[in-house]
Every structure is written in C-alpha cells, then in structure tokens.
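Asks: Sequences listed follow chains A and B, in order.
First residue of the first sequence: 1, per full-length UniProt numbering; consecutive thereafter.
First residue of the second sequence: 1, per full-length UniProt numbering; consecutive thereafter.
Hints are supplied without guarantee of correctness; some may be wrong.
Cut-off 30 Å, straight-line C-alpha distance, at most; resulting in silico cross-link-like pairs (DSBU-like, lysine-lysine) [unchecked claim]: (1) K71/A x K175/B; (2) K565/B x K287/A; (3) K121/A x K175/B.
Short, incomplete list of chain A residues facing chain B, as computed with Cβ under 8 Å [as the list claims (entries may be wrong)]: (4) Q40; (5) K71; (6) Y212.
It is worth saying that the hints were derived from the structure and are not from the lab.
We put the beta carbon where it would ideally sit given N, CA and C, even for glycine.
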Amino acid sequence: MRTVVGMAMALIVALAGIFAFSPRSVPPLAATRIPVDRMQLNSILRTTAGLVTAGELGTILVSADNGDTWKPASLSAQRQALITRLVFADDKTGIAIGHEGWILRTADGGLNWVEVAFDEKNGEPLMSAARLPSGDWIAVGAFGRTLRSGDDGNTWQEFTLAGQEDWHLNDIAASADRQQWLIVGESGSVLRSVDGGKDWTPVPAFYNGSLYGAVHLGDANWVAYGMRGNVFRSGDGGLTWTASTVPAPISLYGHTLTADGRLLLLGQGGIVLASSDAGQSFSIVRKSGRASLTDIYIRADGSWLLASDGGLQVHNPAAEAPAKATKSSAPPQTSGVS
Amino acid sequence: MTTATSLSRTDALVAFLARVLIAWRKPLGLLFLLVTVGLGISALNTRLDPGFNKLIPLKHEYMGAFLEHSGTFSGANRVMVSVHWKGDGDIYNAEFLQVLRKVTDEVFFIPGVNRGGVRSLFTPNVRYIEVTEIGFTGDVVIPSRFEADATGLAQVRANVAKSGEIGRLVSNDLKSALVQADLLEINPQTGEKLDYADVARKLEQIRSEFANDHIEIQIVGFAKVMGDVMDGLFTVVTFFAIAFVITALLLWFYSRSLKLTALAIAVALLPVIWLLGLLPLIGYGIDPMSVLVPFLIFSIGVSHAVQMTNAWKQDVLAGLTAMEAAESAFRKLAVPGTMALLANALGFLVIMVIDIPIVHELGVTACLGVALMIMTNKMFMPIILSHLRLERIALHAPIETHEKHGLWWAVSSLSRPRPALVSFAVMLVLLGSGTWFSRQLQTGDVGTGVPELRAESRYNRDNAQIISSYSIGMDVLSVFVETANLEEACLNWEVMNAIERFDLRMRGVDGVQSVTTVAGRAKLYAAGNNEANPRWAALQRSEAALRTGGRAANPELGLNTHGCKTIQLVVFLNDHQGATLKHVVDEVRKFIDADQTPNVRFRLAGGNAGVAAATNEAVERAEVQMLASIFGAITLLCWLTFRSWRAVLCVIVPLLLVCILCNALMALLGIGLKVATLPVIALGVGVGVDYGIYIFERLQHEMEHNGASLREAFYEAMRQRGTAAVFTAVTMSIGVGTWAFSALKFQADMGVLLAFMFLVNVLGAIFLLPALACWLGVEAQRKRHQATAVPPAEEGATRKAASSAAKPTVLTQARPVAIR
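For reference, chain B alone in the conformation it holds in the complex (with noise of 0.2 Å):
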C-alpha cells in the first residue's frame, strides 16, 4: 500500500530530524536564543503604518479613476475644526472670534495643511458678494481693522449672511463656526510623508487649548480618525494582558506545572517576537487590522505548544528521560502539527485573494506569523524540554481509572444511529434558520459614522454633531469626468448639458442628499451676473453665454482642472451604507451607459463612498473566491490525509454550517460584511478545520489499528484528543474575545466573530461529525477496507501502548477545564 510506505517514510525522514535536533541542540538552541534577542532589538522598531491607501482596492476599475485624479481634486483628505459657542446668543460676540481666529492660526500652522486651502472666516478667501444697482461688491467677511464692538460685530454678522457660508462655514443656528484645511499627503516644506498621529495630537492640542465653559470643539477628518484609530490600537495592548493571564491560568490549570505553564507561554510568544522583527526588516509597519495577528500568533502557538508540553509529558511519566522525551515529542507531532499549521496558513493565505493592501498585508504578515510559529515550536520547544525537569507535583502519578469516561461515552452515542438523527434533527433546524438570517446579511458599513470607530464614541458624536448643524454631507461619492479634444471643455455647451443633466439626474435618485457640479455652479454665477435672478440661471449653447457663468470653472474652486480636462462631479449621500452605496453607484453607472455626449468620458468613483462602493464590490467578488478556495484547499488536504471522501465530508460538512451560521450572526449583530470582517471566515475555517482532522485521524487510527467499533473508536478520539480540543477552542476564543472590548469597531467585530468560529467549530466537529460518520457508513467502510488489507500490526501495537500509558493524566487533569 502507497500509504503506508510514504507514512514510514515520512517517519524516517522526521525521526532523523529529531536526532539531529537533539544532538545540535546546545548550538541551535543559542542560535534561536540569538535569533530571538536580535529580533527582539529589531522590533523595538516596528511602527504604524495607516495611510488612506492601504484601504483602497487599489485593482478594482472605480479606483484606476479615483487614483489618477484623487491627487488633482483635494477635499478627500480634509480636516474640519467646528468651534461651538455653548454660552448665550450666537457666534457674533468678541469672546468666540477671537477664539476662531486663534483656531484658525493654529490649524494654519499644523505641519503638513495645504496653507492656502484654509478656510474660515478669517481667512482671505472667503468673501461676500452682493448685487447692488449699480454691480457687484465684494469683500472679506471679518475686514482687516475688525473691532468687536457693536457695529464691527453687526457689519461681520451681515458679511457672513451674503457670503453664503451659512451652513457650509457657519452653522444653520448661528452656533458654531468652521475651520477647513486640506492636508498633503506629503509636505511640500519637507518633502516628508505626512505624520497622521501628528497632525492628530496637533488637532487633539487644539480641542484641549480651547475647549472650555463657553466653547466646544469638535474635530472630523480622515487624519482624526487615524489618531483615534492609533490611540484605540493601544488600548489593544491591554486586552493582549489580559488573553495573557487568561491564558496563562487556563494553561495551569491543564498542566498543573508552572514550569510548563511558563514554557507553553514564553513558546507562543517567540513567533510574536520575531514577527514584529521580521516585519521592519521586510517593510511593513503595523496598521489596525495586522495589529490582531500577534494574538491570533500567539493563541494558535499556545494550543501547538500545550500538545507538545503533553506529549513530552506523557513520555516522562511513562518513565523516559527529559531528553528522549523531546525527541519522541518531536517525532509524534512533527507531521500532524505541520499539518494543522499548514491548514492555519492555508486559511490566511487565502485572504490574500481580496484585493486591499491592507488585507493583503493582514494575510502575508499571519502567514509569516504561522511559519515562524513551525520553527519555534517545533524545533526550539523539544530544545527548551530537552533541558527540563518536571516539578514534583505534576509528577505526581494519577490514578488510573479503568471506568468510562462519563461526558464524552455519552457523546459518543451520537455515533449510533438512532442519536445520530438527533443530531441531523438539531442540525437542520440551525442549518434552516442560519440559512434564513444569512441571507440578511448587508454588505459595507450598517450604522452610521465613521465604521472604524463605535457609534458612541467621540469621534462619532463630534461627526454627527457637524452633520446636524452645518448642511455639509461627509459621504461624498465623486464621479470623474474626462474630455477630449475641447480647449475649454467647461465653454462647451454639449459638456456642461452632459453635467446638468447629471446633476439633476443624480437628485432625484433615493440616497442622494445634494450634488454639486461645475454646471450647477455655473448657473449660479451666470444668474449672479444678472442680478441673481433665478430665471437667468440657466447654461445655454453660445460660448459667448456660457463665459457668464465662467468663473465656475475656476480650478481653485477645486470642481475641475485647467481647461476643464478633468471635472469632478461630487454627490453627496445621506449615508455610506452598503444598500445606498450600490443603488446610487448602479444610478450612475445607467446614466453613463446611456450617455452618448461626445468628448466626454464618465468615470467612477472617487470621494470616501466611491472607495467604500468599490470596497464593497471587491469584498463581495472575494467572498466567493475565497470561500470557493478555502473549502478546495480544506477538500484536498483531508483526502490526502485520510483518502476516504467519507472522511472528508465528515470534516467539511460541519465547517460550512458554521460558516453559515457566522453569517447569520454577523446579519442578526448588525455586523456587515466588509474589509475587516471577510478575512473570519477564511481564519475560522482554516483554524476550524485541526479539531475534525485531529478528531478523525483518532477515530480512523482506532477502528483501522485496533479494530474498534465506530462507537468505541469515536470514544477513544474524545477521550485523547476531545478534550484538548476543547481546551485548545477556549483559549483561543478567550484570546481574540477579549478585542469585542475595543475601542475600534472593526476590531470588535472580528473578535466577536472569530471567537464564535473557534467555539462553534469545536462543537460541530463533537456533535455532528459522529453522527455524519454513522449515517455514511466509515463503519462499513472500514470493514470492508480491513478485510482486503493487512493492518501494520507492529506500529499500531506500539502506538497503541504509548497512548494508552498517556490517556489517564491527559484525561484527569483536564477534567475541570472540559467540563467548565
């Protein structure tokens, strides 16, 4: 048989490794000690790395537009400062301009603000207009020589009014007032990258300098958020402590040994160390959503090390030396724990398949995590248990119980048919509803606000607050227009026709909170020619009429380019949820394919909701191929690691009713489907996927080498392998739970998430495998299969004595964990 020569083979192959390791373990394990501090020294530099394009599907059509024309269009990377007078009256008092204008100098001086962008009512740039009899006049709002008495503060007060800042710079209650700045993704003095956690600790400085009994200061912008992003991810640090003693008291409580408790930690925590070693070596920074691989490292490495601990152990116990315990600890687990690992890595990479850096970074840097984690626990481990010595108390020889293990000879009846129907019945009840609710589940943001932030959080509140007050929209979706062979496309009736009709298009569709365009602007300034008539608003064909309404087209006014090769047509949206999203992108895009104008060329999608649009359609084209390849993967690993399709549905059956299931949470939690949250499934399922393996593997290793019925064989798995994987589900889900406690959304989310398909997977691979290995007959099967094969009576014989002489302390000492 093919199998079981490659099988001995193999154990060759990995019995000559553990010699090997064991004879140079003095010189390897001073190596990785090196290796180790080295690292060590080298991730003391590891650092955060936002930036507003890792999140970008940088691949997908929307986006080839929205980078080719973001940087001539500003406005995507605006700060905005509203300072709100909380005493009597309104802004028009000396107390609340001197403030203003002093916000206005600081915000001016923050390193990295486009300097002539800024705007407020101090600023040179912002001027009033007004039509008299005899033509305009015009001025700055505050003059030069402003004094706040009563006539300086009524002559303001009149400025702002014809300004027509109210509600853009100015509040629609007269309560609070704007500072607007533009940042440069690099600094034009410097030539450096811009510093988001500076220019977020400057604004931070501002709210704290100002804010007092009158005044409030409330602060949005994209560099905002990445300071409250940043602060959050240290609050990350925290609930890492708190996994650590988690798990830590979970650990003893399973081994019973200090030593071993402390050498399972310090294990898991080596790949963490050399992962954010590796990472400034190789270019990557931390950024909010690699920030969690190191828990996930860590909690994954715990579970590998708690298996080799006990391996170890058991061979001690069974009377072995430190040493020849380690290498037979190694020779055991080397190829199963390989092979789980190489799941774990499966499962990461396939997340590479979305298409946002981001992601991409998140797969790549766990995928590195998890392949570090092979070298420090399978090779420096056996080096630190080779040199170990059992403390009395773990020694301490339990008794051996030759009465069935109550819990788990009560599950294994589900391995009979008539239970195992009990079973399907349970499982198509939470197939069918899971079903139900997971056709719920929305794609992009749910609530409102921006999504990496809670909705009760400061940044949030000062968001909606400004929402309310000024009639400015935050999700903006820009549609690019391009033209061609036109001097001054903006002269040209057939373009600006094209626009308008856009622009009036674009209103009527549901979603749409206004739109602004360089035609409707237009006829706002070809009417303020005439006297701000409303009947002369209008564009018509002659050049000559449309250069009335020309100033629009100024490319200061940040609507289009010189010439107008470039016009940005911005929408505003009630909100960046999926449901809008779409519906306003698929309005669009039936308006572009109807478009026949020629010279011209519609293209999506710039401005935060285009990018979400466009995230949004990335996630959903990834979620098949990821899922489709997760399973593909999973399929062929476990019909090459048991040959029986038999086996292989017994283990993918339960993993895809849990991925149903974590959708249907996800649509029940008022979770939606996007960046941070696609990712659980492909972890869930590739972490997931060791219990039904391992627990198989038991169950074909007993019914084929010792001829045990399906019920027996099914017992005999649970009994050494269930309860360290329920151990193994515990600490993982206590390790990445304890983010539903952060302050960053998405964060929440996906601890939430992947903590339900860590527990979850365990159950499914407990309660439903037996009962699929029951009705497909592995019983029969294996029957059959035996009477044709000569079972390798020797190896399995030994095996069998090896486990058996292990069992009981196993079983014993991890009573209190299963059973709570």
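In isolation and in its complexed conformation, chain A is listed as follows (with noise of 0.2 Å):
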C-alpha cells in the first residue's frame, strides 16, 4: 500500500518530465497576410464594392470597410502582370489594365473580374483607358499601342488614332462634360480631342520629356504633369501650354481635386503638392518616405489613401500640419529625390 503513494508520485513527477519537456508551442505570429502597405499598387478608387487597389502581380483588393482591411478580388485568369490602372466607367463597369495587354473587366464594383484581353507575346504595358460618350472604351499603352472595343470593354482591337506616333502614351483625361480629351504621353506628346474623343489632333510639341498625367480644372483650363517638376497649365483648352511654378524637381504619377477645389499632384519622394490656383504655382503639402505616389483616395475623414510603389500609405493632413510647422527648422530631406 505504501508503494503505492512512492510508485505515485514518482510517476506524477515522470509525467510532469515529459509534458514539460514535450515540444513546446511558440507565441504564435500573426497570419501571413497581403501586405497592401508594402505592395506596389497603381491605382485606388471607390466603386459599389467599396475602395478597390491593384497592381503588383496583377493583385486586386477591396475593402469594404475603408481601406482598413482588404480582400483579394476573384479573377477569371491571374497572370501575375503588373495592374497599372484600374477605370471604372460607372461604379459598376469598369476594367483593369496591365502589362502585356491584359485587360479584366468588372460588372459587380472590382468583386468579380473576367479577362479580356492578354497578350503573351507582347510585353508591353497598357496605361490608361476612358469611356468615351459614345459608349465605346479606348485604352493607350506603351510605344503608341492603342485599342478599341466597341462592346463596353468585352472585346478589344488595335485601331489608330490621328497623326499617333510611337511614343509611349500614359494618360487620358476628360473634362467634367466629358467633351474636352486629352491624351497625354512620351516627348512631350498630347492628342487632343473637343468632340467626346471621336477626332484627335496633335498639340505641338512644348515639352520633351514625359508627360505621365492631365487634369482639366473647368472651362478651357488644363494641367499637365511629367518628369523632374514640369508642370504645364492651358487656358485654352489644351492648345497652348506656360510652365508652372513647382518647388521639387519630382517626377509627377497621380492627382486629384480636393473638395475645395484644389488641384494635388502625386509624386516620387512621397511628395504631394498643391495648388489653389488653377495650377500657377505649387506648394509642397506632405513629404514622407521614399516611395513614388500614384494615386489618391480621400476619404469622408479628410484623410489620404495614398498608393505607391512601395503600398498604401494613409496620411492625415489636419493631424500632420502643425507637426510640420515645427520640423522647417530640421535639416532639408533629401532623400529619395532624384
């Protein structure tokens, strides 16, 4: 009997060895995740389905909750080509487009997206693509490529535009009655169109570097943005074009209208300027980090979505004014300018 007690605990004690000693769990991390704040993405607006982003790898996100989580999109084919624009005719309709000719469309606000278009041979990219007032959608691309699909964005042809050279074509832009176009691109190249994009002409060259954007301000007036800080305003509908004033020589990606009507444009160094007038003169408005800015959502809180290419940064401007007031007397950054 009295063993027994003995027998007893030296088996608790054995007992005790082998759990103790049995493998152990680690604290566990947190789960792999899409890292959307360290992914490159090209483009971010809102549609029905809530805030939609995409671009590395042809990932597309959505968040339903405003940007603070997201969740990858279903796509009919991933060919893991860069996004590097996402267009949305509707808050339903819209399409995205990507290197080597890939082209996805939407019906459902960026939930659900079917390939259209893919082309394995071609590598080069797509940069943007409007619906035009007729209903037909034109996409331009790299090295002068441009397309045509008179289905809402189901099939796509190559088609030509008037007096198109090779230069690569980064941006088309419409004003708000959707009559003044403008496509913008390589060597200083702007095509322009009065008549809802059904005629295009040739600007004469003013600039000849890159123009990556355009902005049409009301009336005649027009912004364009390139390479190094060239910033070009139009009063004449995109006629003719003077030089802005910009305080960093940054290559500019992205813009947008604020709802007091200024115009912020998007660039390398994290750099965001702004201008309250028509886009005379610039002022630099947040300066951050090293990434390229290529677009902007602003959110009902006033603050910034901002997608680069080194993911989505959120930037609070009320709450970062006064801090920067007091960091003008710390050395000038530099860094990431180029």
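Using the hints, put the two standalone chains together into the complex.
Replies: Next comes the structure, spelled out in structure tokens:
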C-alpha cells in the first residue's frame, strides 16, 4: 500500500517531466497577409463594392471598411502581370489594365473580374483607358499602342488615332462634361479631342520629356504634369501651354481634386504638391519616405489613402500640419528625390 | 551472491593497485611532475579559436545549402563602421567628410578586407544615377576634385540624394555615414586564415583615433563581436581568481589545515594544466564556450580532492602513517570516486549529441578534463599525501560527541511516513509551478542585439544605434534558389516570377522587415529604364523585356551568380528571436512546398537568421535526445550500483524535478534554450547525481550491514556524507556562479543555471530522497532481503570501525560551513 503512494509520486514527476520537455509551442505570430502596405499599387478608387486598389503581380484588392482591411478580388485568370490602372465608367462597370496587354473587366464594382485580353508575346503595358460618351472604350499604352472596344469592354481591337506616333501614351483625361479630351505621353506628346473623343489632333510640342497625366480644371483650363517637376497649364483647352512654378524637381504620377477645389499632384519621394491657383504655382503639402506615389483617395474624414510603389499609405493632413511647422527648422530632407 | 563476489574481486584489484601505486610512488611521482612541467609549457601555446563555422550545426539540412553557397555570396561576414556627426547640422561639412575619407582609407587597409567591396561615399563603386529628358547620367558621389566649399558640399548633398544611398550608406537623419567592408576568411594576399582579434583591434584603433567631441564611431560586424567576446574572455580570468580565493577560504574552514588546503587546490589545478597543455597538442583551441571547462574541472577537482584528503586525514588521526593512510584512502575512494567521475564524464559525453562543433568541443574538452582528473586525483594525490605531514592544529583531536547532530537528525525525520508527506506536498507545489513555467521556455535568443554580449554592452548599443538610424536590418535570412537547364535563369520569366511571388509573399509575413531579391531589383531597373516611372516596374514574359531589367542580375550586386545558376533571396527580419525565426522559416517552407516552378529549387537557409534557425532546430531536437540519453545512462548506472529499482527512483526523481525547475527558472529569467544553455542540464544532472548516489549508498550500507532502521540509516548517511555533499555543492556553485558577472551574456546564463543545478540537486537529495525511500518501501524491501541473505559481517564491521573513528572529525569541523 505504502509503495503505491511512492510509485504515484514517481509517476507524477515522470509525467510532469514528459509534459515539461515535450515540444513547446512558440507564441504565435500574426497570420501571413497580403502586404497591402508594402506592395506596389497603382490605383485606388471607390465603387459600389467599396474601395478597390490594384498593382503588383496582378493583385486586385477590395476593402469594404474604407481601407482598414482588404480582401483579394476574384479573377477569372491570374497572369501575374502588373496592373497599371483601374478605370471605372460608373460605380459598377470598370476595367483593370496592365502589362502584356492584360485587360480585366468587372460589372460588380470590382469583386469579380473576367479576363478580356492578354497578349503573352507582346509584353508592352497598357497605361490608361476611358469610356467615351459614345459608349466605346479606348485604351492607350506603351509604344503608342491604342485599343478600342465597341461592346463595353468585352472585346478589344487595335485602332489608330490621327497623328499618332510610337511614343508611350500615359494618360487619357476628360473634362467634366466629357467633351474635351486629352491623351498625354512620352516626349511631350499631347493628343486633343473636343468632340467627345471622336476626332483627335496632335498639339504642337512644348516639352521634350514625358507627361504622365493631365487634369481638367473647369472651362478651358487644363494642367498636364510629367517628369522632373515639369507641370504645364493651359487656358485654351490644351492648345498652348505654359510652365508652372514647382518647388521640387520630382516626377509626378497622379492627381486629384479636393472638395475645396485644390489640385493635388503626387510624385516621387512621397511628395504631394498642392495648387489653389488653377495650377500656376504649387507648394509641398506632404513629404515622407522614398516611395513614388501613384494615386490617392480622400476619405470622408479628410484623411488620404495614397497608393504607391511602396504600398498603401495613410496620411492625415489635418493632424500632420502642425508637426510640419516645427519640422521646418530641421535640415532639409532630400531622400528619394531624383 | 554475485554482487558480493564481484565486489570483493574489485576490492582485491583496487588493493593491488594501491600497493603498486605506493611501491612505485617515487618514479611515478617524478613522472607526473615531468608530465606537468611538459604540459605546462605546452599550455602556453593555447590559442583562442573562435571562427564562424564552429557555431553552426553542420549536419542540419539548412547548413548544407549555407555552406555550399555562403562562400559565393558575401555579406555574412561584413563589418560596418558608422561615423556619426554630433555637432550642429548634418554630415555635409568639411570636418566630417575629411574624417569619413580617412576612416574609409583605414578600413580599406585592414588585412583580410575584400578591398574591391569596400563601400562608402568615397569609394568609386558608389554612384548616383539621374534620369533626365535626354537619358541617363551618372557618376561617383564625391567628385575626384572635390573641394569642401559651399558649392562642393551642395554638389555632394545632391549626388547622395540621387544615389539612393540614404538609409543605406547615409543615415536617414543625415547625421551619420557608413563604411562597409566584407572580410574574407582566407586572406588572398598571404593565404592565411583571418585573424579576427587583429581585425577587431584595428577597428578599435579607428574608433580611438577618430572619435572626438564632434565625431562618434560605431562599429558592428561578426569580427567585432569576436573581438569583444575575446576581450570578455580575459575578464573571465578575473572570475577564476575570485572563485579560486573563495574556494581556498572554504577549504581552509573545512580542513583547518593550510597544507591540505594548498594540496587540494594544487591537485585540482593539475587537470586544468594538463588539459590546457593537451589541447594544443590535439589541435584544439579555446573558444568562448570551452573556456568555461577549466572552471568546471577545477570545481569538480576540488570536491574530489576534499574527499581524498579527508579519507587520508581520518586514517592519520586513527593512527596510521602518512603512507599507509594514502594507500588506504586510494583503496576506499578508487571505486566510488571513479564512479562519480564517470557519471560526470557521462554528462559531458551526452552533450556531444548536440550537432554543433563548438558544443562538441566543449564535450570533448570536458570529458578529457574528467579523464585527466581520474589520473591526477586518484593517483598523483595519494603519492603526495604519502609524503605529507599534518600540522598540529589539524591533528588536534576533537571531542567525541555521543549526542546526535541536531540538524541532520531533524532532517532525517523526513524518512518517516508523515513528515515525508510534507516533503511530497512541497514537491508537488514546486513540480506544478515548475512545469507550468517551464512550458513558457523559448528556444533561441530572447533579447535583441547580439546574443553573445549583454544588452547594455558597447557593441549592442552601437548595433541598436545603427539599426535605428539606417534602414538596414542586421538579421538576415537568405533563401537560395538553384536553377538548372537554363542559360540565363534571370532572363527566364518562370524563374523570375517565382522569385517575385516569393518576394511579395514574404513581405506579408509577420516578423519580416523587408525583402531583397533579384526580381525586385530587376523591376526597379525596368522602371529606371523607363524614366523611373513606377508603372513600368514589372517583369514581362518575353526575354527581350526581361533584358531591360537584366542589369539587376549583375553578380557583383551579390544577389546571384553568373547566369543566375544560384540566386540569393534576402529576407530581413525584425529580430532573431526564436518565435520570429520559426514563424518565418515555416512560412518560407509553405511557399517552397506549394511552388511548382520547373528548373527551380528553393533551399533554406543562409544569413545569420538562417544559421540561428538551424541552430534552434538542432537544439530542440538535441534537447529530447540529450535528456533521454542522460537519464537512460544514469538509470543504468544507478541500477548497476544498487541493483534496486527503488534506489533508482529515489535518485532519479529528485533529478528530474530539478531539471524541470531549471527550465522554469530559464523561462522566468528570460533565458532562452540555446547552444549555451542546453548543455547545462546535462552538466547539472551529471554532477548532481553524485549527491544522490553518495547518500543512497551510505543509506543502503547502514541498513544492510548494520541493520539500521530507515531513519537511523538516513541519519548516518547525512552525518557522514551530507556535510561533504553540501560543502561540495557550495564550492562548485561558487566556482560557476562567478561567471554570472561575465561580460559575455551566454557565460552569465550558464553560470547562473549551473549554480542553480548544483545547489538545488543537493537539496533534492537531502529533502526528497528520504521521503521517496520511505514511501517506496526501501526499508521493508531490505528486511525481506536480509532475512534471505547472510550479511558479510566481517567486512561490514571493519568499515563501521573505520568510519566511526573518522566521523566526529568530519562532523565537527565541517559544521560552520554546513550551517551557513
């Protein structure tokens, strides 16, 4: 009987020993996620599905909670090509365009995408697209490539614009009434249409570098922006252009208009430029990090969601304004400017 | 009975050996002296032998890839010197740039530096690239005819900004700049192995030469760690001196004889000298870990020397001559002493299952030390004793007391059933909480910075400073991609796409700071070729398109070999804690397992984090193996000694409890299970089992030969062996406990844990062993045993006589120590 107690004790110690030295679990780390804050993103916009962003390796993400969490959209084919831009005709129908002539189409605000074009042999990227008032879609890209779709983006064919050369075409922009149109591109190329995109005429060269985007500011006022701090404005619907004053020699890749009518331009070095005088002069309103900013979405609370080649960044202009004032005494930050 | 006959046969052999030893004592003594002198001279050649590869679990699968490819990709053995400007403004001033230029030159001329690979703002391999409307322009960052005037400085400032080196070679706050250099294991000029101590010294010279009111120098890199570790080794010598003095004092208290104290210490030092002398002869050096073996050998040596001198003194006091007493001491202690040392050696041997050379060498060195100790302690010692005359103070015969020793009598009540239950209750509480905490033990390093050094050391402060001011990580996990059947793998879309997917996936893994791969670089180059437009940063399927980013695959950039036969994917981690490593490595594995790309093989792992991950896995694997073998071996040893499963349990159960408590202590102190702390359990068990064996042996002896009750027997065991056990535990704990003050973190960890193991094991043997003996029915078993077997009366009687004559001496003289 007595021995039983002793044996029990020995057994307890033995079991405790086995338990103590059995493989230990480590404190778990967070599950692997899509690194939305560390991946290349080229577009961000709102649809009925919520916020949609896209970029690296053909990733398209949808956020139903205003950008806090993101879920991958469903793609009919994953080609792993970089998506360069998302373009929506309304808040449901849109296309995603990318490298290797890749075009995907959605009809539900970006939750589900169907591949409508892909060209394995010719790797050149498409850079911009738009649905014209006629209902036709056009897309432009590298080496002056232009595509048209007559069935709301379901099939695409090559076509040629008047006066078109083989410079890269980077952006298609429309006026608010969708009658005036500009296509801008490499080597200062500008194509102009005043009839809703039916007829296009080249604008005489005024700059020998690349233009990455253009924006209509009401009436006949336009701004076009490009590499190394080159911003131009036009007061005659894009016929003639004058250089604007820009405080940083950075290349600019995106823009937006704020609710209070300011124009924001986004570019290298995490820099955001703002103009309140229809693009005549710009000031730096944000400067942080080394990423090149490509697109912006301004949330209802005033904070900015910035798409960049270094991931999605959140910026709160209201909160960071006072901090910037004290920071101005610090040595100038030149990181990332090239 | 086989036990009795085999014992007497052994006794006869031992007696014969004892006679031979004493008869040949003069030539043997001379021989030992000559050997000591010879090895002493050889010990002067002992060299420090650090070296990166000794710390690597060479047989681990990760290390196969590491060893194959680490030579190709530099960067594992990099030193970085950060020159920090403490004055006003940023680094763009004449004084700073002057210093930076000089530091660059100094680093360039350090022997072993790969000179073509040195990088700083002043080296020609650091260039800026500018994209303009008319194309690329680019040049070195600091022009050859640079003048530190306003225009010159503005030029440099602009060039640096364009070079993309901010965050890399220049800190993010523009207050410091780096000089980077890679070291070659074999100096190409001389063909000699890299002398880390020399490199570290040169780096320290740079610091002392250029640091002033305005300039601070921070240095990181493996070579510097090795330098600091070696400096730390010399402080260990101080601890040796302290342990030495304390041990000497304790010995004197114990023996009250200067001669015996000096003798015990001298004899304990002998195996240390022999060991240090033998190491250069067998081609071993002293590394940061094996430097601890001499301490351990010394401590164990002292405890065994004490037993020998004690036995000798008892006989001298009983009236024998020095020579007769020496022979008798040898006879008495040859078997139990050798047995105990064998148990120690077993503990050290088991350490060798850990598949890491530095630990292997620790095991070999320690085993060798213990083997030498059997020679010096059991042979040389009696020879010296036979020549010794005891001083009067020690000869003073103490008063024989017939009263019971109060403390030990009280303790012996634990062998009665009811008090034993108290013992069990305490044990269960300790066991419960110990098991609970031990589950929180982590594998690998727990803190940040370099694990060898303390968090507050100069090196780790430099490291923290550099990590915080630059965008570079120090914890790197490399994954190697081996390609086959492809001319130019980096122009193959499948390969590059696999790498790009890896890059993206890893960026989403918790614990990953950033990822650098040839695919990521190629995308940047592709964008760069298109006016840096980020919408061009992509890899396309056609080879022609891939060629635009092809310059990223230049082997000189260190991410791939020629033709991309091997590609290195670099994952920077937030830290190198065990949990982070395990998580990231598991995620990499998931990717590799799921990937189906043809002609591509992903292999883990290189970089310091890869080595650490492999080490952690090896350590975890070895832990179970090691515990199983040490407990298996000790169970066998106990069984052979006592021939009773009850005895085995009485000895093993307290040991196991202490092991669990040791793991709990590690978790509580924030010490991770790693290369340095894993051997502690084996060492602690190997040494700690002595107490149980000694005490149980006496207990069994008293019951078998003198028919004592369990309590009487345990009391006798404690009276004769308990005090010595406590003295031994205290001496050894102090010997290793001094390491706790070492500048080296892992030595401090080992010291604390070993001291704990040595001390708590003796407590387990004193408090838990009797309770177990009581409730396991050791007494009842003995009674049955005695009824059937005839006790060897004659031998028992003589032993009893000898021990009873000696007992009071040990008892009264040892009391001060024991009570403290």
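Asks: Now tell me if each hint is right for this structure.
Replies: Structure-based check of each hint:
Simply put, K71/A and K175/B have alpha-carbon atoms about 41 Å apart, too far for the 30 Å limit, and the pair is violated. Restraint check for K565/B and K287/A: the C-alpha separation of about 41 Å exceeds 30 Å, so the hint is violated. This hinted pair does not check out: K121/A and K175/B have alpha carbons roughly 49 Å apart, beyond 30 Å. Taking 8 Å as the C-beta contact cut-off toward chain B, the hint placing Q40/A at the interface holds, the least distance being around 6 Å.
About 13 Å separates the beta-carbon of K71/A from the nearest beta-carbon of chain B, more than 8 Å, and the hint is not met. Nearest Cβ of chain B to the Cβ of Y212/A: about 7 Å, under the 8 Å cut. The hint holds.
In this structure, the earlier hints numbered 1, 2, 3, 5 are contradicted, and the remaining ones agree with it.
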